[in-house]
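K.L.:
These protein sequences, in sequence, are chains A and B. Here the first sequence stands for residues 33 to 401, where the numbers follow this note's numbering. Here the second sequence stands for residues 383 to 708, where the numbers follow this note's numbering.
Read the hints as simulated data drawn from the structure, not as lab findings. Hints should not be assumed to be uniformly reliable.
To be verified - What the simulated footprint calls covered on chain A by chain B, stretch by stretch (three residues with Cβ under 8 angstroms from a Cβ of chain B suffice, anywhere in the stretch; the number is not a length):
# : stretch
1 : 37–49
2 : 178–190
3 : 209–223
4 : 378–384
Glycine included, every Cβ here is placed at the ideal spot set by N, Cα and C.
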Amino acid sequence: MTNEEKKCIAQFEIHHTQLLNQAGELVGPLPEFATSVDILLALYRTMVQTRTFDTKAIALQRTGKMGTYSSSLGQEAVATGIGSAMRFEDVLLPTYREYGAQFQRKVAMSEILRYWGGDERGMAYAEQPHDMPITVPIATHVPQCAGIAYAMKLRKEARVAICVLGDGATSKGDFYEGINVAGAWQLPMVVVVTNNHWAISVPREVQTHAQTLAQKAIAAGIPGEQVDGNDVIAMRHVISNAIEKARGGGGPTLVEAMTYRMHDHTTADDASRYREQAIVDEHKLLDPIDRLRKYLIANHGWDDAKEQMLLEACAAEVEEAVNSYLATPPAPPETMFDHLYETLPDALQSQRDEVEQLGKLKKGGDHNG
Amino acid sequence: MAEITIIEAVNLAMARALENNPDVLVFGEDVGVNGGVFRATEGLQKRYGADRVLDTPLAETLIAGMAIGMASQGLRPVAEIQFMGFIYPTIEQMICHATRLRNRTRGRITCPMVLRAPYGGGIHAPEHHSESTEAIFAHMPGLRVVIPSSPLRAYGLLLAAIQDPDPVVFLEPKRIYRMMKQEVPDDGEALPLDVCFQLRDGSDVTLVTWGAMTHETLQAAEQLEAEGISCDVIDVATIKPLDMETILNSVAKTGRCVIVHEAARTCGVGAEIAAQLAEHGLLSLFAPVLRVTGYDTIMPMFKLENDYMPSTERIITAVKKTLEEA
Numbered sequence: 033m034t035n036e037e038k039k040c041i042a043q044f045e046i047h048h049t050q051l052l053n054q055a056g057e058l059v060g061p062l063p064e065f066a067t068s069v070d071i072l073l074a075l076y077r078t079m080v081q082t083r084t085f086d087t088k089a090i091a092l093q094r095t096g097k098m099g100t101y102s103s104s105l106g107q108e109a110v111a112t113g114i115g116s117a118m119r120f121e122d123v124l125l126p127t128y129r130e131y132g133a134q135f136q137r138k139v140a141m142s143e144i145l146r147y148w149g150g151d152e153r154g155m156a157y158a159e160q161p162h163d164m165p166i167t168v169p170i171a172t173h174v175p176q177c178a179g180i181a182y183a184m185k186l187r188k189e190a191r192v193a194i195c196v197l198g199d200g201a202t203s204k205g206d207f208y209e210g211i212n213v214a215g216a217w218q219l220p221m222v223v224v225v226t227n228n229h230w231a232i233s234v235p236r237e238v239q240t241h242a243q244t245l246a247q248k249a250i251a252a253g254i255p256g257e258q259v260d261g262n263d264v265i266a267m268r269h270v271i272s273n274a275i276e277k278a279r280g281g282g283g284p285t286l287v288e289a290m291t292y293r294m295h296d297h298t299t300a301d302d303a304s305r306y307r308e309q310a311i312v313d314e315h316k317l318l319d320p321i322d323r324l325r326k327y328l329i330a331n332h333g334w335d336d337a338k339e340q341m342l343l344e345a346c347a348a349e350v351e352e353a354v355n356s357y358l359a360t361p362p363a364p365p366e367t368m369f370d371h372l373y374e375t376l377p378d379a380l381q382s383q384r385d386e387v388e389q390l391g392k393l394k395k396g397g398d399h400n401g
Numbered sequence: 383m384a385e386i387t388i389i390e391a392v393n394l395a396m397a398r399a400l401e402n403n404p405d406v407l408v409f410g411e412d413v414g415v416n417g418g419v420f421r422a423t424e425g426l427q428k429r430y431g432a433d434r435v436l437d438t439p440l441a442e443t444l445i446a447g448m449a450i451g452m453a454s455q456g457l458r459p460v461a462e463i464q465f466m467g468f469i470y471p472t473i474e475q476m477i478c479h480a481t482r483l484r485n486r487t488r489g490r491i492t493c494p495m496v497l498r499a500p501y502g503g504g505i506h507a508p509e510h511h512s513e514s515t516e517a518i519f520a521h522m523p524g525l526r527v528v529i530p531s532s533p534l535r536a537y538g539l540l541l542a543a544i545q546d547p548d549p550v551v552f553l554e555p556k557r558i559y560r561m562m563k564q565e566v567p568d569d570g571e572a573l574p575l576d577v578c579f580q581l582r583d584g585s586d587v588t589l590v591t592w593g594a595m596t597h598e599t600l601q602a603a604e605q606l607e608a609e610g611i612s613c614d615v616i617d618v619a620t621i622k623p624l625d626m627e628t629i630l631n632s633v634a635k636t637g638r639c640v641i642v643h644e645a646a647r648t649c650g651v652g653a654e655i656a657a658q659l660a661e662h663g664l665l666s667l668f669a670p671v672l673r674v675t676g677y678d679t680i681m682p683m684f685k686l687e688n689d690y691m692p693s694t695e696r697i698i699t700a701v702k703k704t705l706e707e708a
């Protein structure tokens, strides 16, 4: 039997949204929020702030002042769009390049630095009570997102859980298990796949034969769509629609945000081993910050003086965070026991005492030396 | 008051928790209408509703991950894995997240969840349905691993696990699910975690065990009593963290110790107990600590499972061997 002779029982389409092209020209209907200059400037500011932070964080690692760091260079619009589309009471489950969203959700720059500086206190988020910390094991937070969304639904709260992962993560079973139950139970959650084309050294086309990653939603019975992830207006628009749909009881959405990882996977990686600089240069033309800047210059009187002021303000903010990070002494060693359980079991007390004792000796030694 | 079995006590504890605390949820594969393949959740969905007693998709990573997500929001999820042989997809969620969430966030987010699973052999089940791999979980910092061995302890320890502010893996010895009955008052009273239970007082040898093996161990103690050998029998109950104080006190009294567990010997929890006896109780010992355990083989399919699992005879032989020493 040929396909023509078989009956078609289901058909699916994947849609792509772009509102600003790479020249910063409007190519689609302007969403209502984007008529507000304040909102556009806030989006622009967060992207610039993130890039300033990123550049400094890489420098800290390179000069031995911080551990391995994962850069969000070139991907700023994705996290910025997500963060600006969320309400504070929503829950974000980030992976490790969503600084732009975290900063909007009151995670301090100094906390992110502390985290990559090897200190658990960098996940305590003093001003952010309920967002999950950065998730390193790939896609493991998608099932957790479903659990959080279920809690919201059970309690009839008007809240949404938003999980962000990479293109490589869509190859994992956890991803499918999570989006599958999101569909089965119509959970208030949004899963954002940041397609930056690379899972460390493995390119997107080696990862899967699927034409888009958004279409992976189809198997889970949930809507999937693609958005230009370097277009922050489209990003905020698409994510906002998905979040508000979920909030209103309309169920989950999978969004594939198309962007490009401009830096190495982390500071411990060397992307020149596996990708041509020419390809990276091509993607530089799609830069999310340049794009919105062009739009702001053409439509909202943005100029060099304002740009300079913004850059200086961001640099000062980052500098303050760096100073706070560098001035934070390590936690006393015995505190490695202090958040293991609510109350330390008796069985562990002698180990804690040993570490405390050794810590005191070491401290004494340091003073003497 | 009617006497009930371990499986009925597990059911009773979950019903009590669901009744007393609206944050408690019970979920897993086939736990809803079907009431669980062992009937642990029988009738719970009907009584407490399908939004609190739920059938999940067939996905164990998901079950553990959702429990973590729910617990992070202050719910008290009680998730069932149908058999311990299918618990392995949950390991990443448990070791990377459930055990670490409090630590990673310095107490900002916690994970008060229970992961229940029937474990152990001896019921002529198909391949992969007879595992005793509790040591895998006992190795995880930040976790509690609790194993009841009677209806009273099943009820009291499961309530304690659900009330505990940290993640608990609760392993139910399925071979003795229906072996014995006890009167269990449904009073909502939890038993203490992190402590051993003394099942029998004796003076010659300390027998340390948990789960279904308490049955063979108590039988051995009874037969040895007839021969004039008096055994202290300790049910460890919480194998992580370990209550070594009770075990050390007993060994200080008897000077001899035999550890009995169904799991494979190497790196089993018995190895940790023996190591701690060597560190802290060596001078009280009159004889080497012996272990009667499953062998370091794959758990055989059921034709040979009784040859794998410690028998009363093997326990008696080991006890007598420790008594041969001065």
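K.L.:
Each of the hints needs a verdict: does it hold here or not?
P.N.:
Hint by hint, here is what the structure shows:
Residues of the stretch 37–49 of chain A lying with their CB closer than 8 angstroms to a CB of chain B number 0, which falls below the three-residue condition for coverage. With a threshold of 8 angstroms between beta carbons, the proposed coverage of the stretch 178–190 of chain A by chain B holds, since 8 of its residues qualify and at least three are required. Coverage of the stretch 209–223 of chain A by chain B holds [criterion: at least 3 residues with CB-CB distance below 8 angstroms; count 5]. Figure legend: the stretch 378–384 of chain A, annotated as covered by chain B; annotation consistent (3 residues with Cβ-Cβ distances under 8 angstroms, at least 3 required).
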